[in-house]
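Using the sequences and the accompanying hints, generate a full structural model.
Numbering-wise, UniProt numbering puts 8 at position 8 of the sequence shown, and it's gapless, one number per residue.
Since the hints were made in silico from the structure, they are not lab data. Hints are all accurate, no fakes.
BS3-like, lysine-lysine: derived pairs with alpha carbons at most 27 Å apart:
(1) K42 - K32
(2) K166 - K151
(3) K178 - K166
(4) K136 - K213
(5) K136 - K178
(6) K46 - K32
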Amino acid sequence: MRKDGVPVTHAMLQLMALEAAVDEGYSEDEFKAGWHWMVGFKRRHKLSLRARTRVGQDSNEDGIATRQEFSQHVRDFMGEHGVDVVYNADQTAVNYEYLPTKTINDVGEKTVWVKCGGKTKERVTAMVLANSAGTKHPLFLILRTMKSKVKTVVQENLVERQGFGKRRWESVEPMEAKFNCRVSEKSTAWWNGSISLSFLQFHFSDRPDRDTKPVLLLWDDVSAHWTEEVVAYATSINVVLVRIPP
1 MRKDGVPVTH AMLQLMALEA AVDEGYSEDE FKAGWHWMVG FKRRHKLSLR
51 ARTRVGQDSN EDGIATRQEF SQHVRDFMGE HGVDVVYNAD QTAVNYEYLP
101 TKTINDVGEK TVWVKCGGKT KERVTAMVLA NSAGTKHPLF LILRTMKSKV
151 KTVVQENLVE RQGFGKRRWE SVEPMEAKFN CRVSEKSTAW WNGSISLSFL
201 QFHFSDRPDR DTKPVLLLWD DVSAHWTEEV VAYATSINVV LVRIPP
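In C-alpha cells form, the structure reads like this:
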C-alpha cells in the first residue's frame, strides 16, 4: 500500500494484523494487535508514523518513467531538427517588501496590529533561462504597475518604454543596464501570451545564427506559453518549443 501512495494509519495496521492472525489460526483472545505489539512491529521493520511530504496521483516509479520518456523525447527532437543547444525556461514569483508574520509586542495583548497599507507583500514575476551549455541568461521580469487610462499613452508606453510611463522608465532603464535584465510592465504581474512573445523576442530574435541554427526551448504546460501566436512566432525565429509534462 505504501508503494502505491496509500496512507497507512495505526488503525489500518491493526486491522491488517488481526486479519493475518486469523488466517494463521490465532483467535482474538490470543492476539489483539495492541499498542505494545504495534510499537515493536514498527521498531523491528524500521517504520514510523510520518507526515506526508508529497501529494499526487503518480508514484516515484511513475515519475522516473515519465522523466526517462521525456528525456528520450527531447533527444528525438534534437535529432529530428538538428539542434545542438537546449534551453530551459522556468517561471517563478519573487516576493519583496515582505512583512514578517510576527513582531515583538506586549505580553497578553489580544490584538497585534501591523501597518501594511492593505498589503502584506509585493511580488514580481520572473522567468529564468539557462541552456545545456551551462549559460545563465538575463532575467526577464514582469512588474505590476498602474496603467494610464488614456489609450494613446498606453500604446506609447508599450512601444517605447516596455509598458512603463515616462517617470517610471527613468528608473527602470538604468536598472536594466546595471543588472543585465529585462523589466516589463503588467497591471497584474501575471504571465500572458503577449509577455510570452516579448520573452521569445528578447532572448531569441536577435541571435546571429537564427536562420541557420534552430534551438530547442523547454517550458511549462501553461496556456500563455502555447497560444497560436506564440507557437507561430517561435517557429518564425527558428525556436522549437517542447512542452514539459506536468
